[in-house]
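Peer 1: Sequence:
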Amino acid sequence: MKFLALLMTFVVCVSFARAETVTGEGYEQKTNFGKKLFDLDIKVDRAEGLTKTTAIYKDLKGQPTVEEKGVVKGDELISFDVDQRQIREKGHIEVQGDRVFFTYEKDGKKKTAEEKLKKPFLTPANFNLYVSNHWADFAGGKEVEVRFAVWFRLETVGFKIFKVGETLKGSQKLIQLRMKPSSFVIAALVDPLNLWYTEDGQKLMELSGRVSTMLPQGDDFKDLDADVRYIHHN
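Take the sequence shown: its position 167, counted from the start at 1, is 167 in my numbering, and no numbers get skipped.
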């Protein structure tokens, strides 16, 4: 069921430098980062009070498979666009006042929906900005309830984010957070997303779970869970 399969689709835009470039490498799970599947390029630009993000997934031949763009003010979303080129689907999310507007497009046909804005309202574009701004809550063990946009469903879904523990990666101390559906029914069917941040919460270093790009399977594509490592270049 697509809703359950893609609920955890997630992309990362990180940190607080005025302009930043981040690259990521995605690997098959349970290979100890041994079998590479895709690359990810992320650019973050900040000007005139806005943060603009672009994240592009690429296959191992360098061909773009997914492009996601966001505009954020503070840590609150203004707009978010998705172009899933593998399955030819597009999505647009926009916040206007106390309403969230969704548009979904496939095969030249559009569907629209709207709902009341409930904060915190998160998408891939503003997820890490929100985490960084509220790091004291997460690091202190607080469980935070959020609404996360599921663009292809034209709706938001409730999730909870909480600290799992601390670990050492080499000599670097990382804090692990987990994101899982608030609904017990959905949580029983969907694996959680695990994220490892630097101790100050400013940079996401690793992610394990569902990603936006998909895995080729014959003439079709299947959903992909992967382990992702991020490299911060600024």
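Read the hints as simulated data drawn from the structure, not as lab findings. Nothing here was measured: the structure is a model prediction, and the numbers come from that model. Every residue gets a Cβ at the ideal spot worked out from N, C-alpha and C, and that includes glycine. Watch out, some of these pointers could steer you wrong.
The calculated lysine-lysine pairs, modelled on DSS-like cross-linking and capped at a C-alpha distance of 30 angstroms, are [as the list claims (entries may be wrong)]:
{"no.": "1", "residue 1": "Lys109", "residue 2": "Lys142"}
{"no.": "2", "residue 1": "Lys69", "residue 2": "Lys110"}
{"no.": "3", "residue 1": "Lys69", "residue 2": "Lys52"}
{"no.": "4", "residue 1": "Lys109", "residue 2": "Lys35"}
{"no.": "5", "residue 1": "Lys203", "residue 2": "Lys163"}
{"no.": "6", "residue 1": "Lys69", "residue 2": "Lys180"}
{"no.": "7", "residue 1": "Lys73", "residue 2": "Lys222"}
{"no.": "8", "residue 1": "Lys106", "residue 2": "Lys142"}
{"no.": "9", "residue 1": "Lys43", "residue 2": "Lys118"}
{"no.": "10", "residue 1": "Lys119", "residue 2": "Lys52"}
{"no.": "11", "residue 1": "Lys69", "residue 2": "Lys222"}
{"no.": "12", "residue 1": "Lys222", "residue 2": "Lys43"}
{"no.": "13", "residue 1": "Lys119", "residue 2": "Lys169"}
{"no.": "14", "residue 1": "Lys163", "residue 2": "Lys173"}
{"no.": "15", "residue 1": "Lys43", "residue 2": "Lys106"}
{"no.": "16", "residue 1": "Lys111", "residue 2": "Lys36"}
{"no.": "17", "residue 1": "Lys58", "residue 2": "Lys169"}
{"no.": "18", "residue 1": "Lys118", "residue 2": "Lys106"}
{"no.": "19", "residue 1": "Lys118", "residue 2": "Lys58"}
{"no.": "20", "residue 1": "Lys35", "residue 2": "Lys203"}
{"no.": "21", "residue 1": "Lys180", "residue 2": "Lys90"}
{"no.": "22", "residue 1": "Lys222", "residue 2": "Lys90"}
{"no.": "23", "residue 1": "Lys73", "residue 2": "Lys61"}
{"no.": "24", "residue 1": "Lys163", "residue 2": "Lys61"}
{"no.": "25", "residue 1": "Lys36", "residue 2": "Lys73"}
{"no.": "26", "residue 1": "Lys111", "residue 2": "Lys160"}
{"no.": "27", "residue 1": "Lys110", "residue 2": "Lys36"}
{"no.": "28", "residue 1": "Lys180", "residue 2": "Lys203"}
{"no.": "29", "residue 1": "Lys58", "residue 2": "Lys142"}
{"no.": "30", "residue 1": "Lys203", "residue 2": "Lys43"}
{"no.": "31", "residue 1": "Lys173", "residue 2": "Lys222"}
{"no.": "32", "residue 1": "Lys90", "residue 2": "Lys109"}
{"no.": "33", "residue 1": "Lys73", "residue 2": "Lys163"}
{"no.": "34", "residue 1": "Lys160", "residue 2": "Lys109"}
Simulated DEER-style distance windows between Cβ atoms [to be verified]:
{"no.": "35", "residue 1": "Thr112", "residue 2": "Glu143", "range": "29 to 35 angstroms"}
{"no.": "36", "residue 1": "Ser171", "residue 2": "Thr21", "range": "23 to 29 angstroms"}
{"no.": "37", "residue 1": "Leu189", "residue 2": "Lys30", "range": "43 to 49 angstroms"}
{"no.": "38", "residue 1": "Ser171", "residue 2": "Ala113", "range": "22 to 28 angstroms"}
{"no.": "39", "residue 1": "Asp98", "residue 2": "Ala139", "range": "16 to 22 angstroms"}
{"no.": "40", "residue 1": "Arg99", "residue 2": "Lys30", "range": "39 to 45 angstroms"}
Peer 1: Against the structure, test the hints numbered earlier, and report the numbers of the ones violated in rising order.
Peer 2: 1, 4, 7, 8, 13, 16, 19, 23, 24, 25, 27, 29, 31, 34, 37, 38, 39
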